[in-house]
Amino acid sequence: MSLNLDQFKASFFQEGFTNLDRMEQLVIRLEDDPGNSASIQAIFRVCHSLKGSAGTFGFTEVTTFAHALETLLDEVRQGNRRINDELITQLLLSTDVMRNLLQSLEAGEVPNTIESESVIAALGQMSRTDDSCNAKNDVADAWHIDFYPHNDFLQTGNDPALLLRELGRLGQLQLTLQVSEIPAWEGINPELSWLAWTIELQGKSIKKEAITEIFEWVDTECDLEVVNANPSESHSPIDLHEGEVNLANGDATATTSATSTAAKKQRMMRVNAEKIDLLLDYSGEINIAKDMLNTLFLDLKLNKVIPPHELRRFEDRLDMLHESSRGLQNEVMSVRMQPMTLMFDQFPRIVRDLSRKVKKRVNLKISGATTVIDKDMIDLLMDPLVQLIRNALDHGLEIPEVRKSRGKPEEGLLRIAAYQEHGFVHFEIEDDGNGLSKRKLLEKATRMGLINPDAPLNDRAIDHLIFAQGLSTADELTQISGRGVGMDIVKDRIEEIGGFIDIKSKEGKGTTFHIRLPMSMSLLEGQVVNIAKQTYIIPLIAMLESVALEGGQYHHNRPLISEYQWRNEKIKILNLRKAFHLSQLLGSSPRPVLLIVDGKEYGPMGIIVDDLLEQKSIIVKSLQRNFIDIPWVSGSAILGNGEVTLILDCANVIRNAFKSLQLHNEGAGI
Amino acid sequence: MANILVVDDMQIMRDIVRATLEPLNHAIFEAENGEDGLTLIQEQRIDLIITDLYMDGMDGIEFTAAVRHLAEYKFTPILLLTGENSSEIKFRGKKAGVTGWLLKPFEPEKLKSALARLIS
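Line by line, the protein sequences are chains A and B.
Taking this note's numbering, the leading residue of the first sequence gets 1, the next gets one more, and so forth.
Taking this note's numbering, the leading residue of the second sequence gets 1, the next gets one more, and so forth.
Derived by calculation from the structure, the hints in this document are not laboratory data.
As the structure is a computational prediction, the values presented were derived from the model and not from experiment.
No residue lacks a Cβ here, since even glycine has one placed at the ideal position from N, Cα and C.
Some hints here could point you the wrong way.
[Said to hold, decoys possible] Subject to a maximum C-alpha distance of 30 Å in a straight line, what follows is the list of computed DSSO-like cross-link-like pairs (lysine-lysine):
| hint | chain 1 | residue 1 | chain 2 | residue 2 |
| --- | --- | --- | --- | --- |
| 1 | A | Lys9 | B | Lys74 |
| 2 | A | Lys208 | A | Lys290 |
| 3 | A | Lys357 | B | Lys95 |
| 4 | B | Lys90 | A | Lys365 |
| 5 | B | Lys74 | A | Lys375 |
| 6 | B | Lys95 | A | Lys375 |
| 7 | B | Lys104 | A | Lys9 |
| 8 | B | Lys90 | B | Lys110 |
| 9 | B | Lys90 | A | Lys357 |
| 10 | A | Lys208 | B | Lys90 |
| 11 | B | Lys110 | A | Lys304 |
| 12 | B | Lys74 | A | Lys207 |
| 13 | A | Lys621 | A | Lys275 |
| 14 | A | Lys375 | A | Lys359 |
| 15 | B | Lys104 | A | Lys207 |
| 16 | B | Lys90 | A | Lys207 |
| 17 | A | Lys207 | A | Lys375 |
| 18 | B | Lys104 | A | Lys359 |
| 19 | A | Lys408 | A | Lys440 |
| 20 | A | Lys275 | B | Lys95 |
| 21 | A | Lys275 | A | Lys616 |
[Claimed, not checked] Facing chain A, from chain B, some residues (calculated, C-beta under 8 Å):
| hint | residue |
| --- | --- |
| 22 | Ala71 |
| 23 | Thr76 |
| 24 | Ser86 |
| 25 | Trp101 |
| 26 | Ala116 |
With the hints as constraints, model all of the structure from the sequences given.
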């Protein structure tokens, strides 16, 4: 046993010192960027976890100090304390104190606490704690509790009845069951939770902490609001985060307490996510109806059926409808948008844990956590992003000795960035490590029969081999990334949510993954195009550029695949009329357009269309329930003239064309 | 009262849990690792599982995920013992279906009060 304990101690110290180094970096970063709430959150977490692990070993000198620091940090985190020179100095001093404490403890000495005690006193002085006031807010004779379990509440084995029973031990309970969320009988899934409760709890000096502790395990599976309902409680300050009731002055009565709670409730409302989806559907239908009305109007106008003096009124009303339906759609969409802060906040910790495991030093740079994206997509993004991070740490970055020998800084760079551009959300995950070995990739792909060894591939196509099924997992099973999923799965996940992933890698220099995603899965931003008198939709996210071509007869008799000079690259262009076997007899278009689209592993590719029509936001209708799965069609939409239009999956159109020409191997080797 | 399974690779931990819960009339079953635990719960009805996080073979979270795949254990409470108050572990745990967690150092009183929230 004692041997085991010593082993644990060694790793505790190792972890402790790494943590303190990190905390120091974070404090310095905070000084550079005081507005960065992620830094302060991270510092708080470092301090908190150090306190916890020191407690395990009974190092009270460390826990006492960390506790004092945590109190101060919590105020900073809550925004109650300004970040200034004095604070930064104290925080840096605190890391020194804790490092000294750990050093003495590691050496088996009794630590000298004179220094730590004096810093604790200084921290205490800074800390604006008014214990008497806090105590009053956190203890009350009456509490109002809103307890709204999420649908999946039962899936983790939690039982609301047991929690309520425990709550009942604190005082007298008055429960009101909320049944408004219960769906119709045929819609009930017995494994989901539909019930919610509003609770009045009365007793003698009940601590808020005692209440929240009961719900400790389920804070992510329910919405919980605990509000001080003491009728005499009149001087508690407003705290919207905690949901405290704010009352103006001492003569407030229970009635005003109730109304102010009610008033606050009206500002925030819980809404079933399915209802928002329905709203979005309806707003999409309104848009389609509006487009149809507009088409009809244009027809009538063309045929001069509308009396001239009524034209103007007609147009004005259509404009009104247009404005409000677009406003409606934007607002409904914005309800679903959320910043990615919660997800991004987990990255430093994940990176820290992993880098320690693989014994690498990492300089993590994160930006863009506040970029917003559809809430549904955040959950789906976590796994692929974490996998890319794991990959960078495990295979990308080198261990410090190797980096040194290569003339790189010992600390490897891992950059995770999110930003919004052209209406899409972009992610970049970059490391300055090994980069991909093109030779190894080619060898492996050849061995697995994925490529024809005689057909040369360009650099992009080689790098993209990493996304081939089974390639990244074949024989690189390691402790970290091997346990997860391969790069092929990462790519699949990204594409399932309508995104694109690209890779750029330079051997010895590093790798960058670039992900491009729509802001929402519910709406598709599309370009309507015309090919041989048929309309199709091309997702804007797939389009890189459009080039107007000269001359009427430029394209219709071009071969299926030909070459084109685009910027500094020679790219392949695809004749869509031929690819779709559409009539060549229709003659040339007066103004053909070359669309440069993302051909994924083929890189930029051109496709020629006869004409560009409008760009619009489209509610995608799935075709698969009624038709077989066609790989180059990703869905359909209804246009203003009532026509059902296919949405093209450009990369698959291109793949298909190459396949049909048996050009696959040569084709990828542009 | 209840059948409780303790999964931990340290004999001492299993002994402490047994010593804490047996006086409350619970029947304690033991497994040294997740694999043995999975075999055991399919032979013996278990009402509550207490599992360590770090173990040889599958860890406590992977074990939880495997338990949740068994239809009869979809809603059985699973308590995770962890030395780390880490949001990543809680997040991963929750995703796998962990009911709740207790932080080490292990304190018998904390386990007793946690039990009230886990079984009726």
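Hints and how they fare:
no.	hint	in the structure
1	Lys9(A) with Lys74(B)	violated, 37 Å
2	Lys208(A) with Lys290(A)	violated, 53 Å
3	Lys357(A) with Lys95(B)	holds, 23 Å
4	Lys90(B) with Lys365(A)	holds, 24 Å
5	Lys74(B) with Lys375(A)	holds, 27 Å
6	Lys95(B) with Lys375(A)	holds, 17 Å
7	Lys104(B) with Lys9(A)	holds, 14 Å
8	Lys90(B) with Lys110(B)	holds, 18 Å
9	Lys90(B) with Lys357(A)	holds, 19 Å
10	Lys208(A) with Lys90(B)	holds, 23 Å
11	Lys110(B) with Lys304(A)	violated, 83 Å
12	Lys74(B) with Lys207(A)	violated, 34 Å
13	Lys621(A) with Lys275(A)	holds, 18 Å
14	Lys375(A) with Lys359(A)	violated, 35 Å
15	Lys104(B) with Lys207(A)	holds, 24 Å
16	Lys90(B) with Lys207(A)	holds, 25 Å
17	Lys207(A) with Lys375(A)	violated, 34 Å
18	Lys104(B) with Lys359(A)	holds, 26 Å
19	Lys408(A) with Lys440(A)	holds, 23 Å
20	Lys275(A) with Lys95(B)	holds, 25 Å
21	Lys275(A) with Lys616(A)	holds, 24 Å
22	Ala71	violated, 11 Å
23	Thr76	holds, 6 Å
24	Ser86	holds, 6 Å
25	Trp101	holds, 7 Å
26	Ala116	holds, 6 Å
Hint compliance for this structure: hints 1, 2, 11, 12, 14, 17, 22 are not met, and every other hint is.
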